[in-house]
Structures are given as C-alpha cells and as structure tokens.
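2 protein chains.
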Amino acid sequence: MEHFDGQEAWAAALRAHGRRVTKQRLAVLAAVERHPHSPAESILAAARAELPELTAQSVYVVLGDLTDLHMLRRFEPPHSPALYETRVGDNHHHAICVSCGRVEDVDCAVGHAPCLTPHWNPDAKPMTIQIADVMYQGICQECQQAQQLPPHSPSQEKEK
Amino acid sequence: MEHFDGQEAWAAALRAHGRRVTKQRLAVLAAVERHPHSPAESILAAARAELPELTAQSVYVVLGDLTDLHMLRRFEPPHSPALYETRVGDNHHHAICVSCGRVEDVDCAVGHAPCLTPHWNPDAKPMTIQIADVMYQGICQECQQAQQLPPHSPSQEKEK
DNA sequence: CACTTATTATTACTAACTCACAATAAGGCT
DNA sequence: AGCCTTATTGTGAGTTAGTAATAATAAGTG
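So the protein lines, in turn, are chains A and B.
Read in order, the letters of the first sequence correspond to residues 7 to 166 in the numbering used here.
Read in order, the letters of the second sequence correspond to residues 7 to 166 in the numbering used here.
Fair warning: there could be bad hints in the mix.
[To be verified] Stretches of chain B that chain A covers, calculated by requiring three or more beta carbons in the stretch to come under 8 Å of a beta carbon on chain A: (1) 99 to 106; (2) 126 to 132; (3) 135 to 145.
[Claimed, not checked] To give a feel for the contact side, a few chain A residues facing chain B, derived at Cβ under 8 Å: (4) Ala-52; (5) Val-67; (6) His-125; (7) Lys-131; (8) Tyr-142; (9) Gly-144.
[What the hints assert, rightly or not] Some chain A residues flagged as far from chain B (calculated, every beta-carbon gap over 10 Å): (10) Arg-21; (11) Pro-45; (12) Arg-80; (13) Asp-111; (14) Asn-127; (15) Pro-132; (16) Ile-135; (17) Gln-150.
The hints are simulated quantities; they were obtained by calculation from the structure and are not laboratory data.
Just so it is clear, the structure is predicted and the values come from calculations on it, not from any experiment.
The C-beta atom is built at its ideal place from N, Cα and C for all residues, glycine as well.
Just need the whole structure built from these sequences, with the hints factored in.
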C-alpha cells in the first residue's frame, strides 16, 4: 500500500490538534480524501474497506470532531445529508446539480473573499462574519440533456 | 382584522399558479409572512392560531408545494431544519449566528448577482447555474458579549 | 508493562421529514 | 343552491440522518 505518507501527515495533524492517532480516525480521513463530497454513510462504507469493524456512530463522532477542528469541512446542500471534504482553509465553494446531486468545487470568483463583506440593512444588527458559504444550484450538462430528449420515463415533473 | 388585502393578494397568486385557495394555504402563507425565517414547526404553531385543526403534515405539503412554485423560498442553514420566507425573487442572502441561530437578511453585495458566474476548474464540467445561495456564518453581537463575560457556567448551549 | 483517560462501540432515542391512502372541501357546472 | 369531480388535507405509519448515554477498548504516558 502506498498511503504511508498520507497516514503520517494525518497522524501529525491529529497530534497537532491534541487528538490521539487511532485507526478509526485515519480510516475516516482516508475515506473522505478518496471520496470528497460524501455523506457520513458513504464514508462509513469506504472506511470499512480497510477497517470492517468501524461503526456508524464512530464515524459521526469522528466527522463532527474533525469538522470542529477544521481538519474537515462540512456543508449541507438542500435535500441532502451533510457532505464532507478534506479541502479546508481555501474558502472555495460548491455547485450542486439539483437534478442528480453531483457536486463540483468552485474556486473563489472575486479575488479572495467573494462576498465576505455583507451589505447590512439599516435595521439589521451586524454580525461578525467568519465564513461565507456559497452554494450554486443548477443543472449539470448530463441532466440537461436527459431532460430534453426522452419524455419517456418518470421524469419527476411537477408544474402543470 | 386588517389582513384582507394580504389574503386577497395571496389568493390571487395561488389562482395564478393553478392552485385552489384554501384556508390552510392562506394560514400558512400568513404565518410565514409574519414569522420569516421560521421552520415548519413554528409555522405550524403560528398558523394554528387562526386555524387550530391544521396538521403538521399539511404544513409540510403546503410549504413544499409553495416552494416549488417559488411563492416561498426555502433555505437550510447548517444544524437547523429548513427555514421559509415570503421574500422571493430578489436574490438576497442570509447571515446566521452560529451560536444562537439568529438569521438576518443580507442584500446582494456586488450589484445584482454577486457570485453568479462561478470560476470553473479546468477539469470540472460546468453546470448551468440557476441560483447562488450565500450563507454567511458568524457570531451576532449578543452572543459575542455573552461568550466573553461569563467564564462561569458550562455555556455549551445549543438553540432549543 | 501498567494505567489513565480519550476514544470507540453498543444501545437507545429523537427530529424532521416522507409516503400511502382515506376523508374532506374548492370551484366548476347545471 | 346543490351536485360532482378531483385537488387538497388529514391520519397514521415509516424513514433518514442524525444525537445522547453509557459501557468497553485502546493510545500514549511514566
């Protein structure tokens, strides 16, 4: 296996945050790294490939803790469970296909902090902003094609 | 009561969307209008003030349908149930206090569509963006003060 | 290697919805 | 004004995505 370097890097980061280095945490971190934008359940499945006795609850605990430490980033697209990724600290954003749920990373558009300085209304009490999550919602190319061509299968149409 | 005009406006909008005008829908719309940024449960409670026999499931159905029609807007802050508001079509955003959950509206910062043109990575498949939800997360003034002063109680409180 | 305590597993339990279907009532028709 | 069709709502059960409490285990220190 060629993931010794990764293992060591994660181990060091864990120690730097005062956490013990356990195989569960390493398995979760590796799983998130290999499957970015994944929900807890998928991370559990992926991590079990190398650590079959891992439990779902441990994954929730580990994900929550590592997210608090900012070793992982968590975001919650509409109509989706929370997703996790290892790419932290660069203030990037996400585009989600409302049809198939596919997620793409999007770098910051305008310089460094796109909308980090909100425009407060006169009557609003301003807050100290820490992060600005931008969630683009749209339709990916494949779903767009699939919607146009075949009016055939149950294509989920609502508006009448 | 002086909400006849509101009632009529909502009724007209419902008809325009091919929906029947029911007291349940009117009660839900009025409740959302009076309590913006509220979850389904609070909307149910508020709507029951004028329509006590309304059920939770009806509120979910109505909220979902009106959201699909874009008569309501729905957003899902982290660690919170979905919130609803009647302010639609103006592409405004939201700031959420991570400590107390308070929500403030934020108008679009840069002109009309702040980050509506994402910066696609070379290897990403671009999507057709429909909306960009910007979720500012920070700490409101009151929570900031509360955190500084009392090193006294285990103030590990969540909003409840 | 023993020992302390962080970490994980086990077992409930909950919140926030969703679904299937029966009951009701809006709005068109006569 | 009353009937009738079918959209809408109510009822009750089920699901998903978690949280909470506590017992068992193992990481890292001495």
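Looking back at the numbered hints, which does the structure fail to meet, lowest number first? Failing hints, ascending: 4, 5, 12, 13, 14, 15, 16 and 17.
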